[in-house]
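Enquirer: The lines below spell out each chain.
Protein chains: 2
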Amino acid sequence: MFIILVYDVNQKRVAKVLKKCRQYLHWVQNSVLEGEISEANLKKLKMELERIIRKDEDSVIFYNLRTTKYSSREIIGLEKGGQENII
Amino acid sequence: MFIILVYDVNQKRVAKVLKKCRQYLHWVQNSVLEGEISEANLKKLKMELERIIRKDEDSVIFYNLRTTKYSSREIIGLEKGGQENII
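Chains as they are written, first to last, in our numbering: chain A, 1 to 87; chain B, 1 to 87.
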């Protein structure tokens, strides 16, 4: 399945959350990551994030696009994210 | 088409950007909005945002899912966003 993940977490935990997410997904830009991921790994990622975040302060959204990637992605302004994993 | 919009802009311009985006999309959570939008309105929104943001500091991503909505959206942690427009 294809996932777009957006996190909004306390500054103290940003580095940890980003590091964890990058083990599974490609970093697009600041708080956004995306990529193909298996159902098993998605479950794992969620469990691991739940251990890192504080549920009363932080928030992570998973958009599940199932089998299909989005049709297009357009950025206006700065490209802040990493391109290291983009094929 | 269905759009997921994620913005990352300087604090000074957040209120303006959010206000503008909410004229066209539903607010999901902090810097994330989503919704059905016509091609014409999407063009308008982009043009209007380009007038508000500073391209050397700010960044807005548009994920275009074309005709289909995502399969599921899951939030772990806090639901920070507005639910006012969710049907």
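To be clear, the hints were calculated from the coordinates, so they are not data collected in a lab.
Treat the hints with care, as some may be off.
Unchecked claim - Calculated cross-link-like contacts (lysine to aspartate or glutamate; reagent style DMTMM-like; alpha-carbon spacing at most 20 Å): (1) A:LYS20 with A:GLU36; (2) B:LYS12 with B:ASP56; (3) B:LYS16 with B:GLU57; (4) A:LYS12 with A:GLU50; (5) A:LYS46 with A:ASP56; (6) A:LYS44 with B:GLU57; (7) A:LYS46 with B:GLU39; (8) A:LYS12 with A:GLU36; (9) A:LYS55 with B:GLU48; (10) B:LYS69 with B:GLU50; (11) A:LYS20 with B:GLU74; (12) B:LYS69 with A:GLU74; (13) B:LYS69 with B:GLU48; (14) B:LYS55 with A:ASP56; (15) A:LYS69 with B:GLU50; (16) B:LYS69 with B:ASP56; (17) B:LYS46 with A:GLU50; (18) A:LYS69 with B:GLU36; (19) B:LYS20 with B:GLU50; (20) B:LYS69 with A:GLU36; (21) A:LYS43 with B:GLU74; (22) B:LYS44 with A:GLU74; (23) B:LYS20 with A:GLU57; (24) B:LYS55 with B:GLU74; (25) A:LYS69 with A:GLU48; (26) B:LYS16 with B:GLU74.
Enquirer: Now, for every hint given, state plainly whether the structure supports it.
Expert: Hints, verified against the model:
no.: 1; hint: A:LYS20 with A:GLU36; in the structure: 15 Å, holds
no.: 2; hint: B:LYS12 with B:ASP56; in the structure: 14 Å, holds
no.: 3; hint: B:LYS16 with B:GLU57; in the structure: 15 Å, holds
no.: 4; hint: A:LYS12 with A:GLU50; in the structure: 15 Å, holds
no.: 5; hint: A:LYS46 with A:ASP56; in the structure: 16 Å, holds
no.: 6; hint: A:LYS44 with B:GLU57; in the structure: 34 Å, violated
no.: 7; hint: A:LYS46 with B:GLU39; in the structure: 34 Å, violated
no.: 8; hint: A:LYS12 with A:GLU36; in the structure: 28 Å, violated
no.: 9; hint: A:LYS55 with B:GLU48; in the structure: 35 Å, violated
no.: 10; hint: B:LYS69 with B:GLU50; in the structure: 26 Å, violated
no.: 11; hint: A:LYS20 with B:GLU74; in the structure: 18 Å, holds
no.: 12; hint: B:LYS69 with A:GLU74; in the structure: 17 Å, holds
no.: 13; hint: B:LYS69 with B:GLU48; in the structure: 24 Å, violated
no.: 14; hint: B:LYS55 with A:ASP56; in the structure: 33 Å, violated
no.: 15; hint: A:LYS69 with B:GLU50; in the structure: 26 Å, violated
no.: 16; hint: B:LYS69 with B:ASP56; in the structure: 31 Å, violated
no.: 17; hint: B:LYS46 with A:GLU50; in the structure: 35 Å, violated
no.: 18; hint: A:LYS69 with B:GLU36; in the structure: 18 Å, holds
no.: 19; hint: B:LYS20 with B:GLU50; in the structure: 11 Å, holds
no.: 20; hint: B:LYS69 with A:GLU36; in the structure: 18 Å, holds
no.: 21; hint: A:LYS43 with B:GLU74; in the structure: 12 Å, holds
no.: 22; hint: B:LYS44 with A:GLU74; in the structure: 15 Å, holds
no.: 23; hint: B:LYS20 with A:GLU57; in the structure: 26 Å, violated
no.: 24; hint: B:LYS55 with B:GLU74; in the structure: 31 Å, violated
no.: 25; hint: A:LYS69 with A:GLU48; in the structure: 24 Å, violated
no.: 26; hint: B:LYS16 with B:GLU74; in the structure: 27 Å, violated
Consistency with the previously given hints fails for numbers 6, 7, 8, 9, 10, 13, 14, 15, 16, 17, 23, 24, 25 and 26, ordered from lowest to highest.
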